[in-house]
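Trainee: Given the coordinates of chain R, assemble chain H onto it according to the supplied hints.
From first to last, the protein sequence lines are chains R and H.
Residue numbers for the first sequence follow the numbering used here, beginning at 5 and rising by one.
Residue numbers for the second sequence follow the numbering used here, beginning at 5 and rising by one.
No lab work stands behind these hints: they were computed from the structure.
Bear in mind the structure is a predicted one, so any value in this text is a computation, not a measurement.
A portion of the hints provided could be inaccurate.
[Unchecked claim] Using C-beta positions, here's what the derived DEER-type ranges look like:
| hint | chain 1 | residue 1 | chain 2 | residue 2 | range |
| --- | --- | --- | --- | --- | --- |
| 1 | H | LEU359 | R | ASP112 | 33 to 39 Å |
| 2 | H | MET39 | R | GLY170 | 56 to 62 Å |
| 3 | R | ASN42 | H | ASN213 | 40 to 46 Å |
| 4 | H | LYS10 | R | ILE20 | 56 to 62 Å |
| 5 | H | LYS348 | R | GLY18 | 35 to 41 Å |
A virtual CB, placed ideally from N, CA and C, is assigned to each residue, including glycine.
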Amino acid sequence: MSLLKVTDLVVSYGGIEALKGISFEVEQGQIVTLIGANGAGKSTTLRTISGLVRAQEGRVYFEGRDITDYGTQKIVETGIAMVPEGRRVFPNLTVLENLRIGAYLRKDKEVIEQDIEYIYDLFPRLKERSWQLAGTLSGGEQQMLAVGRAMMTRPKMIMMDEPSLGLAPLVVKDIFRIIQTLKETGMTVLLIEQNANAALHACDYAYVLETGRITMAGTGEELLSSSAIQEAYLGKTSK
Amino acid sequence: MMKKEKKPALITWIIVAVIYAAVFVAEQVLPPTSMLFTVLKKGATYALVAVSMNLLNGFTGIFSLGQAGFMMIGAYVYGIFTIPVESRPVVYQYYDGGLIQFTVPVVVALVLAGLAAAFFAFLIGLPVLRLKSDYLAIATLGFAEIMRVLIQWNNMGPLTNGSNMLRLYPSFNDFNIKDASGNVTVYLSTLVPFLIAGVCIGLIVLLLNSGYGRALKSIRDDEIAAEAMGINLAHHKRLAFCISSFFAGVGGAMLAMYQTTVQAKFFTTAMTYEILLIVVIGGVGSVTGSVLSSFLFVAASEWWLRFLDEKQMIGNFEVPLLRNGFRLVVFSIIIMVVVLFFRKGIMGTKELPDLFRRKRKEAAK
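With the rest of the complex left out, here is chain R (with noise of 0.2 Å):
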């Protein structure tokens, strides 16, 4: 059984169909990426996993539960931590009390210091940086408080919106490596993203995402060798 299952998910804003019945399925333990142009509709379908936008048909299943009509709270509770585009830090809080945030719903207080040490030996920057303020830190450097501070959730399953979006390539690398630390440390990773190459490269599977609709499926090295997916993402001619 799947982690996460999506079937004919239906999504629309102001009349305007953004997602026209979409299904994919997410393993355990693997990253899986949408990939797509602007307004693919690629960010709505985390939004609405997350709880955030409602489904007008169509059902989400995690772990065989059917959490389509949670809120977003008890959606976290489930274990589906989201990184929202942009990174979205608390700028004016410290990176300690980011990380808390995180652990807002938590109520095992011990667990919870752990935790944290547990991030901070997984991004020992952000432990250097414990007492600064959010809105200091680099775009990388809140990257990775961003994961830090959905990690500190216990999420079963982390959700990444765009995560290189505004970065430096050199960044990108480094973000894609902590996508790669999370794989390890057995995190399943649902990945959005607009930079096709590194994503297909980074995932086990994908789909790409094409005006609401699903157009094509595959692991990563399947859709990295498809003329189709070269021309339109990878920006390759075929001669």
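Mentor: This is chain H only, laid out in the frame that chain R set:
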């Protein structure tokens, strides 16, 4: 977790203790008519209200302008429940002694004042907190105005005494301990407002440093991210609104004690703006700043700048411009200078203990 530095907290406690001791001693030594005590009493009152407004505007990011309205509710509830029964026929002379014919102890009345304000905040919050920024400010402003008119409504007279003032309830001066012949032996009329404000501000600080406080600050910083972390926005905003209003209500009751009379027409929008100014001058997001600037504001407007309202002679030369009302002109200019050159206010977002901490950067090097 990192070890918390104990020293700054200790120094802060010592400073607070010294201030309270100084207030107590000053009150025994100096004549009770000194302007200092007027400033201290009103300053303590405003400090509480400013901190309560900061809790909402500075820490939760909800821009509300209903403070005067909630203060008024607090002031009236305090007055209504504490006027001695034998004085009621005099106070409610047009309404046959009024509706309520019992009194409650002062402390109970203070809590009631806060609860009443919080209750109204809860009701008004249900629709209003769905609004954002400017719209929320306008709605809360409107609420305060409506309450002011409602209290003065003739049909509310048996309860609120209509547009007439409430008076003869216990004021700060009633806290002085007197001997049998009526002479004051121990002056407490300034220490008591300090104690009330101190306890209330202490509670607010505890709240801000708790997990709840962190959640409120995260809502201020980024609502969407906060929601993604599983923080219930509506619940937390309502909570902050009610708690802020509770303390505004208590502050209103203190203002009633300070003024010795309560009349709805004094709780105008201008009062809310005064408090907003105090918050801005002190630093949006700093409790210490709000407290400091409350005392500075009250001292400047009630005491230090008073001379500007009277004719001053230097030898035979009459200083021009000085006449009644000029004080307010100078005051406005000072405020403009502060807003232009100290944009983050006196304290920014720092608190008292932060001043005794080594700078992080230096420590890291």
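Trainee: Decide, hint by hint, whether the structure agrees.
Mentor: Hint check results:
1. LEU359(H) - ASP112(R): 33 to 39 Å: Because 35 Å falls inside the window, the suggested range holds.
2. MET39(H) - GLY170(R): 56 to 62 Å: Once the Cβ atoms are compared, 57 Å apart, the range 56 to 62 Å for GLY170(R) and MET39(H) holds.
3. ASN42(R) - ASN213(H): 40 to 46 Å: 43 Å, holds
4. LYS10(H) - ILE20(R): 56 to 62 Å: Holds, since LYS10(H) and ILE20(R) (Cβ atoms, about 58 Å apart) stay within the stated range.
5. LYS348(H) - GLY18(R): 35 to 41 Å: Once the Cβ atoms are compared, 40 Å apart, the range 35 to 41 Å for GLY18(R) and LYS348(H) holds.
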